[in-house]
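Asker: Each chain is listed here by its residues.
2 protein chains.
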Amino acid sequence: MNVSQVNPGQPVAVVGAGLVGAGWAIAFARAGLNVRIYDANPHTASAALPWAANQLAALHRHGLIDEAPEAVAARLTLADSLAQAIDGAAYVQESVLERVDVKRQLMLDLDALAGADVVIGSSSSGIKASDFANDLTISPRVLIAHPVNPPYLVPVVELVPSTQTSPETIAFTDRLMRGIGQSVVHVRKEIEGFVLNRLQAALLREAWALQRDGIASCEDIDKTVRDGLGWRWSFMGPFETIDLNAPGGVADYANRLGPLYHSIARSRTEDGPWDDALIARVERDRRAHLPADALAARRDWRDERLMAFAAARAKDGDKR
Amino acid sequence: MNVSQVNPGQPVAVVGAGLVGAGWAIAFARAGLNVRIYDANPHTASAALPWAANQLAALHRHGLIDEAPEAVAARLTLADSLAQAIDGAAYVQESVLERVDVKRQLMLDLDALAGADVVIGSSSSGIKASDFANDLTISPRVLIAHPVNPPYLVPVVELVPSTQTSPETIAFTDRLMRGIGQSVVHVRKEIEGFVLNRLQAALLREAWALQRDGIASCEDIDKTVRDGLGWRWSFMGPFETIDLNAPGGVADYANRLGPLYHSIARSRTEDGPWDDALIARVERDRRAHLPADALAARRDWRDERLMAFAAARAKDGDKR
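Chains as they are written, first to last, in the working numbering: chain S, 1 to 320; chain H, 1 to 320.
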């Protein structure tokens with residue numbers, strides 16, 4: 001790991017210790033960094049440690065950490081206050097509630113407490129940094145660092161500057177994130193949903209519409225992805241996929257299939273199919289397939305699959 | 001394998017022996033069926049056999065077939081004519097050129113030659129069966145059976161009836177495809193692009209637009225999928241993904257995130273961004289990332305990754 005832009009022994013802080021924040025704590029600690037964890041709710045903060053210990057044990061079972069889980073867990077400490085958490089920290093990862101007023105209040109608090117150097121990344125999955133982090137002393141040092149959950153398994157992180165973020169802040173966070181093993185995506189302009197959730201939204205919009213129009217069942221739409229489309233997308237993005245799918249590369253593909261895709265796009269210009277009747281129907285379909293009392297067990301299955309996937313990736317050296 | 005609806009020894013026919021047709025031949029032969037291969041171009045047909053032998057050897061190396069590759073290859077035979085190919089066949093998989101006039105002519109020929117029982121599946125990836133297969137004696141026995149390439153690795157197949165396809169034809173093809181190990185998706189109404197290419201089109205539309213608007217580079221958009229979104233989609237579809245992503249399941253998720261997705265959908269109602277300048281820019285980006293003379297080697301890499309992915313799936317019993 002190259003986390004050399006953080007001084008030896010200098011901690012990072014995790015503020016907000018729900019699933020996302022606690023997941024970040026593991027990602028940082030696994031890479032050798034000392035992590036201070038703070039949550040306004042002390043119960044949430046203290047629950048994060050046994051949860052992390054469990055996850056670290058699972059990572060060890062899957063061969064995803066070499067160190068003893070206890071050695072990694074020993075780098076996690078709880079802080080009693082925001083001030084204590086960020087005192088001397090090189091970086092703060094903010095993962096509080098996804099609400100603009102809550103994030104703004106935290107930025108005001110950090111503005112009053114933070115040193116002149118600390119960089120602050122926000123886990124916001126959709127709210128732009130400019131909506132809560134501007135016009136403060138810290139503003140040049142705040143940006144979005146949006147993970148996929150859990151960040152210690154799925155490597156992608158979107159870095160999205162506000163209109164006031166400095167280039168140095170982007171460069172620092174890029175190095176830090178690559179240093180702990182994340183895959184960094186630079187979103188160059190603020191846009192609702194950033195890149196990841198916009199791509200997911202586009203696919204979901206079509207999926208909901210196909211269900212609404214009686215074209216295919218939820219389960220058959222799911223099969224189309226998990227037994228078809230998703231295979232290539234698990235190791236190649238959409239541009240590389242089509243680049244390799246025509247003899248002459250992506251331009252050749254676009255010229256051959258552009259008219260079909262254009263026609264499909266023309267057929268889907270209404271602005272969104274998520275009405276209550278449709279939601280109720282999809283909910284019924286899903287519950288027929290997976291009863292509500294089986295959701296928790298299925299989430300455990302998903303997490304095991306993600307760990308197995310990460311282990312397989314790590315094993316083949318993540319050949320890309 | 002349960003291919004019991006095909007009589008013992010009764011062959012299936014593959015008409016059109018390009019990459020898709022030859023891939024189908026492997027999928028059928030691997031399951032124990034005798035396959036007759038015909039292509040109007042004799043060079044294409046005879047090239048299919050050594051190509052299939054190579055692929056079967058690779059499948060064997062990856063532990064994806066138990067039989068000796070030669071034993072599977074021995075079930076593939078070339079036919080000198082369309083009549084010879086389909087004589088006594090239980091099923092014909094059509095994989096000729098994706099052009100409505102070419103497919104219509106083949107249907108006219110099959111109508112003149114085919115017995116009263118044979119079922120005909122078309123590999124068409126976008127053209128509806130009603131556009132080329134209607135108003136013939138065989139019409140009730142024709143449907144779309146659209147694979148992902150290669151069908152012997154990626155299991156999904158979309159069955160799409162024409163307006164004249166009989167329910168028995170759908171049921172027969174469903175059993176046959178499940179019998180040879182495919183994952184069957186039923187598309188209940190004819191729609192351009194069916195389900196798979198519509199979902200791909202939706203994601204690509206957003207990807208092209210993000211590139212066009214300078215939000216992110218091709219490579220960063222690709223990373224977002226291969227290091228993020230694509231992980232879950234390789235073993236769960238989009239509905240299951242969101243069903244597990246909110247405490248109360250899919251309706252809970254839709255109520256929480258519906259407004260965000262709706263807003264994203266409202267921002268993307270123009271009908272398609274694939275203009276020549278954009279295509280040229282994406283082509284430049286991709287060629288900077290992967291030179292044209294490296295495309296072939298990268299396709300080999302992709303095929304190896306797909307085989308490794310299939311082997312990993314088979315190993316864990318394809319737990320779903």
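Derived by calculation from the structure, the hints in this document are not laboratory data.
Check the hints yourself; a few may be wrong.
Which copy is meant is left open, because identical chains are indistinguishable; a pair holds if it fits in one copy or across any two.
[Unchecked claim] Only pairs whose alpha carbons sit at most 20 Å apart, straight line, appear in this in silico EDC-like list of lysine to aspartate or glutamate:
(1) 315 with 275
(2) 315 with 293
(3) 315 with 168
(4) 315 with 66
(5) 189 with 213
(6) 315 with 303
Asker: Each hint should be assessed against the structure and marked as holding or not.
Answerer: Each hint tested on the structure:
For the identical chains of this complex, residue 315 and residue 275 are neighbours neither inside a copy (44 Å) nor across copies (41 Å), given an alpha-carbon limit of 20 Å. When the C-alpha separation of residue 315 and residue 293 is checked against a cutoff of 20 Å, the pair qualifies neither within a copy, at 35 Å, nor between copies, at 29 Å. In this homomeric assembly, residue 315 and residue 168 never come within 20 Å of each other (Cα to Cα): the closest approach is 34 Å inside a single copy and 47 Å across copies. When the C-alpha separation of residue 315 and residue 66 is checked against a cutoff of 20 Å, the pair qualifies only within one copy, where the shortest distance is 13 Å, while the shortest distance between copies is 25 Å.
For a Cα distance limit of 20 Å, the shortest separation of residue 189 from residue 213 across copies, 9 Å, qualifies, whereas the shortest one inside one copy, 35 Å, does not. In this homomeric assembly, residue 315 and residue 303 come within 20 Å of each other (Cα to Cα) both inside a single copy, at 18 Å, and across copies, at 18 Å.
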